[in-house]
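Residue numbers (the numbering used here), protein chains in the order written: chain D, 1 to 115; chain F, 1 to 113.
Errors might be hidden in some of the hints.
What the hints assert, rightly or not - Below, computed lysine-lysine pairings styled on BS3-like, alpha-carbon distance capped at 30 Å: (1) D:Lys71 to F:Lys57; (2) D:Lys71 to D:Lys55; (3) D:Lys112 to D:Lys59; (4) D:Lys3 to F:Lys57; (5) F:Lys71 to F:Lys9; (6) D:Lys57 to D:Lys112; (7) F:Lys9 to D:Lys112.
Derived from the structure by calculation, the hints contain no laboratory data.
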Amino acid sequence: SQKIEQNSEALNIQEGKTATLTCNYTNYSPAYLQWYRQDPGRGPVFLLLIRENEKEKRKERLKVTFDTTLKQSLFHITASQPADSATYLCALPLLSTSGTYKYIFGTGTRLKVLA
Amino acid sequence: NAGVTQTPKFQVLKTGQSMTLQCAQDMNHNSMYWYRQDPGMGLRLIYYSASEGTTDKGEVPNGYNVSRLNKREFSLRLESAAPSQTSVYFCASLTGTASYEQYFGPGTRLTVT
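Required output: the full structure, derived from the provided sequences and hints.
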């Protein structure tokens, strides 16, 4: 069955540095991959989608890469700020028999940006 | 435009009690989802609905039932609550745009004693 792995250990970095989070998956070739941000006590919030034919996607200080050969996505936050501290989840779609997508989420990586 | 709303925010049940978690969205989305989130387990899909009148099982459906009452509302029912169902429950709806963005509700924190 399909499986997603994210580094479950928390990542602590200094303000201003680049944070890099990893999402690995197995037994699957997704059409796209998504990244979400989740703050404590809140629901996840969508950040970015990257498709299988895209190597890289950027949005402001965020950059996502997608290597379908390695079955891996990297999520970068450049010039990190304490406000970027949160848990980041990756999600993969599965096309269901009812014609919609259902999603598998990774366990998330908790990022803490130190001032 | 409230997005996705969930009620209640918190609930404590005794083993064997039943309850229904309510979810509504005002974005005219077709697909809706129920997830549970446990420490170290991530978000796991319980049930989903591609459109009004259809529902399908996700990864962890045992002990739950759902109803897609209309396009806006998707409820999750626990018929006989068990301590293993202690969790945070999130409802989400899926945009029809090319971003395939899921909008999540604020969650319901359920404790079963």
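These are the hints, each one checked on the structure:
Of the supplied pair hints, the one linking D:Lys71 and F:Lys57 holds, its CA atoms being roughly 27 Å apart against a limit of 30 Å. The suggested pairing of D:Lys71 with D:Lys55 holds, with an alpha-carbon distance near 12 Å, which does not exceed 30 Å. For a cut-off of 30 Å, the pair hint linking D:Lys112 to D:Lys59 stands: about 20 Å separates their Cα positions. A C-alpha spacing of about 18 Å is found between D:Lys3 and F:Lys57, which places the hinted pair at or below 30 Å, so the restraint holds.
The hinted pair formed by F:Lys71 and F:Lys9 meets the criterion: a straight-line CA distance of about 22 Å does not exceed 30 Å. At roughly 23 Å between alpha-carbon atoms, D:Lys57 and D:Lys112 fall within 30 Å of each other, so this suggested pair holds. Restraint check: the Cα-Cα separation between F:Lys9 and D:Lys112 comes to about 27 Å, which is no more than 30 Å; the hinted pair holds.
Hint violations for this structure: none, all hints satisfied.
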